[in-house]
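Visitor: One letter stands for each residue in the lines below.
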Amino acid sequence: MPGQIPFFVPKRTITASEVAGIAGLLFVTKDFLISAGAALETARRGELSYMDNHKYLEALRQTNAGACLVSPRFSASVPKETYSFVTPQPYLIYSRILALLYPGAAIPGSLFETVGISPNATIHASAIIDCGVTIDPGAVIGPRAKIGERTYIGSNVVIGPDVTIGSHSSVGAGAIIAHATVGNHVIVHPGVSIGQDGFGFVPDKGGHIKILQVGGVIIEDCVEIGANTTIDRGSTRNTFIGEGTKLDNLVQVAHNVTIGRHCLIAAQVGIAGSATLGSFVAIGGQTGIAPHLTIGDGAQIAGASGVTRDVPAGERWAGFPARPSRRFFRQYKAMEMLAAGYRETNDR
Amino acid sequence: MPGQIPFFVPKRTITASEVAGIAGLLFVTKDFLISAGAALETARRGELSYMDNHKYLEALRQTNAGACLVSPRFSASVPKETYSFVTPQPYLIYSRILALLYPGAAIPGSLFETVGISPNATIHASAIIDCGVTIDPGAVIGPRAKIGERTYIGSNVVIGPDVTIGSHSSVGAGAIIAHATVGNHVIVHPGVSIGQDGFGFVPDKGGHIKILQVGGVIIEDCVEIGANTTIDRGSTRNTFIGEGTKLDNLVQVAHNVTIGRHCLIAAQVGIAGSATLGSFVAIGGQTGIAPHLTIGDGAQIAGASGVTRDVPAGERWAGFPARPSRRFFRQYKAMEMLAAGYRETNDR
Amino acid sequence: MPGQIPFFVPKRTITASEVAGIAGLLFVTKDFLISAGAALETARRGELSYMDNHKYLEALRQTNAGACLVSPRFSASVPKETYSFVTPQPYLIYSRILALLYPGAAIPGSLFETVGISPNATIHASAIIDCGVTIDPGAVIGPRAKIGERTYIGSNVVIGPDVTIGSHSSVGAGAIIAHATVGNHVIVHPGVSIGQDGFGFVPDKGGHIKILQVGGVIIEDCVEIGANTTIDRGSTRNTFIGEGTKLDNLVQVAHNVTIGRHCLIAAQVGIAGSATLGSFVAIGGQTGIAPHLTIGDGAQIAGASGVTRDVPAGERWAGFPARPSRRFFRQYKAMEMLAAGYRETNDR
Chain P
-6 MPGQIPFFVP KRTITASEVA GIAGLLFVTK DFLISAGAAL ETARRGELSY MDNHKYLEAL
54 RQTNAGACLV SPRFSASVPK ETYSFVTPQP YLIYSRILAL LYPGAAIPGS LFETVGISPN
114 ATIHASAIID CGVTIDPGAV IGPRAKIGER TYIGSNVVIG PDVTIGSHSS VGAGAIIAHA
174 TVGNHVIVHP GVSIGQDGFG FVPDKGGHIK ILQVGGVIIE DCVEIGANTT IDRGSTRNTF
234 IGEGTKLDNL VQVAHNVTIG RHCLIAAQVG IAGSATLGSF VAIGGQTGIA PHLTIGDGAQ
294 IAGASGVTRD VPAGERWAGF PARPSRRFFR QYKAMEMLAA GYRETNDR
Chain W
-6 MPGQIPFFVP KRTITASEVA GIAGLLFVTK DFLISAGAAL ETARRGELSY MDNHKYLEAL
54 RQTNAGACLV SPRFSASVPK ETYSFVTPQP YLIYSRILAL LYPGAAIPGS LFETVGISPN
114 ATIHASAIID CGVTIDPGAV IGPRAKIGER TYIGSNVVIG PDVTIGSHSS VGAGAIIAHA
174 TVGNHVIVHP GVSIGQDGFG FVPDKGGHIK ILQVGGVIIE DCVEIGANTT IDRGSTRNTF
234 IGEGTKLDNL VQVAHNVTIG RHCLIAAQVG IAGSATLGSF VAIGGQTGIA PHLTIGDGAQ
294 IAGASGVTRD VPAGERWAGF PARPSRRFFR QYKAMEMLAA GYRETNDR
Chain U
-6 MPGQIPFFVP KRTITASEVA GIAGLLFVTK DFLISAGAAL ETARRGELSY MDNHKYLEAL
54 RQTNAGACLV SPRFSASVPK ETYSFVTPQP YLIYSRILAL LYPGAAIPGS LFETVGISPN
114 ATIHASAIID CGVTIDPGAV IGPRAKIGER TYIGSNVVIG PDVTIGSHSS VGAGAIIAHA
174 TVGNHVIVHP GVSIGQDGFG FVPDKGGHIK ILQVGGVIIE DCVEIGANTT IDRGSTRNTF
234 IGEGTKLDNL VQVAHNVTIG RHCLIAAQVG IAGSATLGSF VAIGGQTGIA PHLTIGDGAQ
294 IAGASGVTRD VPAGERWAGF PARPSRRFFR QYKAMEMLAA GYRETNDR
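Residue numbers (the numbering used here), protein chains in the order written: chain P, -6 to 341; chain W, -6 to 341; chain U, -6 to 341.
Please note that a few of the clues may not be correct.
Pairs count within a copy or across copies, as identical chains cannot be separated in the list.
[Unchecked claim] In silico EDC-like pairs for lysine to aspartate or glutamate, Cα to Cα no more than 16 Å straight-line:
no.	residue 1	residue 2
1	K198	D290
2	K48	E106
3	K73	E51
4	K198	E236
5	K23	D303
6	K73	D214
7	K326	E236
Source of the hints: derived by calculation from the structure; they are not laboratory data.
Hey, can you work out the whole structure from these sequences and the hints?
Guide: Rendered as structure tokens:
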């Protein structure tokens, strides 16, 4: 393995005083320059790390980081050569400092360093491309599509007819967007498929009858959609994803699904047809939501769950069939005790 | 969010008498024009909706639809300004009316509104392209591949050497098809990968030895394959998908799998190597089938299950390890009661 | 369905004596030519099959194969017209013979039968392409990318800036590789997405704050990555996949994950952020690993499991929440007995 070139290089340095300011600290006991952010294990003198998870206590104790953002409960474990910024929110402050150091990483940009529109893209004569749009080689933009100001379209992306994409958005290489209206500041990662037919069939003895899918997809502002995720268009109404919602990789969003604002949907979650999620819903990885269910605002579903009933707002559920998390863990505990007794009986 | 253009526009109107005829009703009490199909919540005067799920009873009561196909048990809840077509199969009749109104939605077509073969496609000199084929920009058709009459090949699709695709089929943007023979009236949605190496290794202490995968993939007529689904080619025999079978998005079909006719496989299902499914098998979302198993004709496996044993024909199974659904739910009930008792004991 | 052309044709024949030599057998009772490898069910005279799984006992008894590699316990069931090569490792020996017969199947090559670099590929002027590289039509190679000797880049692949790919590797059609350093003899199957942003947000009442992802991805030699799998780049450290590790299709590898050497990760597994896997770990299909966990060397996790705690080296775990497999199955047994008793009580 050759030595790896870092893909992201800080565009500036930051002083300890600036960090303190961002963290809401009144002063620093000494001032110095920070050149980069880094993990506890790899950070060197001059680099800033953060710590807020007890799993990394040993890494904190052994870090060579020049400085560390750390929550009060771990501050005693910071090595004496590492400068501590003690804050209740180390991760949040760290994110703000990264944004200053690496402004280019905020939104995925051209993988070809294209300026403007690549001559190797295929753009329909009727498409409308706003100012400052970047289009990489191999992209295909269909009839009457509209691409908003400063939006980036990656290589081999396909945009279907009449699709609208807002401004300051980013569509990763190889993504396909059809029958959709996409907002501003949206990030679509590579390999995403949006707007294909939903899975609608009337089962029939002689073979299944396809239900035509004549709805669309609406994706509001500031949504982020992970790599290779699939979002089907609606059958008659639209599939809808609300403002600020974040979907991880390989998520399935079926036809007619409505997802509210600011949800966090982890990788490999499947949301079946016509399910409705409120706002600020969080769903752990690989969980499935059955068709036609309603998940209330602020509900949290653990990963690896299978939800078969409506979940009231604000509740935490887990397991299959999913139930309130407390109940799930109590049942698990009961089963463990039962099995322990069963073993005892068998061992006699 | 700007107002969304509808992506599918009805190509004609339909009279109430025509709807009655399709539904097998003898007469209508008044005749009128229907201009579109729509969901209960969004349908307006002049539009037709349908209702067959008690979850939508409130939506039915409040609908502004001009007319509604409705099953007898819900017919009393149709608002008096909405005309009722009472039928035991509202969804099936609705699907037939959609097919009349939106003939263009029956099978996915060009996202570039290409007529014939795009000059920006790359087609090997030895490939055979039949009459009426549409090929979008960026598609790559390999040596000796055959594309049948009236088939559509999307942008950035890659078709490998010697692949045959029948007539009236549709291959969505970005799909990859290699080492496969594909029938007529097949729909492959965007981002699908067909025909890559199966996952075959002999585990070995010094590293795993790759088993060469020298079979192919056969996909029969009228199969539909969801977005970003993966179908590996066989190791020595072929991977096989029978006529009329429908796969949803993000499904994994491993090497040597045989799927019979008219199966319905929901999203994110994984079918491990050399498993054999009969015909008319239905599998719910996210379920896994272990290697070398046999699932009998007409078996139904609930979503989120993990099947570790053969499933006899016609049975309904659920859970992990999957077992007959009745047994699964009885066990779940028993565990709930046990946990309730356990809590009581603890609460004392 | 027209008769299917075989996609892989043997490049030579092999004698029974050669097979015996590879299997470590001292002699053959007769010599003859073998023209191909085939499954027990389809093999004909002159073709070689193998048998090492009791599920195929009936297929063995009825095979028409000319010869069969068979483990001692099944050798009595080989039909008398089929020549037996008795060996403790039929599958391993079979794999070696396939490698002789079908040398072209060892590593995926051009789907366009391109020689050298297609004029329809888009290659940045600053990219470095070594000798013997094959690049198919529609591929896009970004600035300063390096492609090593004899590596294959498929159609519509996108390689980002500064990416390094070693020698003798293969990148399947439509794969996207950014912010990554990839070793030698690596196979990336179609539709893979490597190096996009990880799923990092600080949840916040007014919407979630994106954590910039400024790490990369390191993929060591001899790794194989299945179709449509996604590998996110690290947030500050790198995501890492060790030498010889094999990932199946539709796997999710989140940011900062470290996977050791020679792991086998089956389809649809999800490995959450910052998890660390040792070497020679095996994970069954659809299993999820929660964030920040450590899975020890040689651990084996059954399919359809959900791992929520560290797994010690060498252990076998199963279920959700995952626990040692013996405990999982004992608990399952206890629940079955409980439910049987519960039914009895209810039936009275």
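Visitor: Hint by hint, which ones does this structure get wrong, listed from lowest number up?
Guide: Violated hints (numbers, rising): 2, 5, 6 and 7; every other hint is consistent with the structure.
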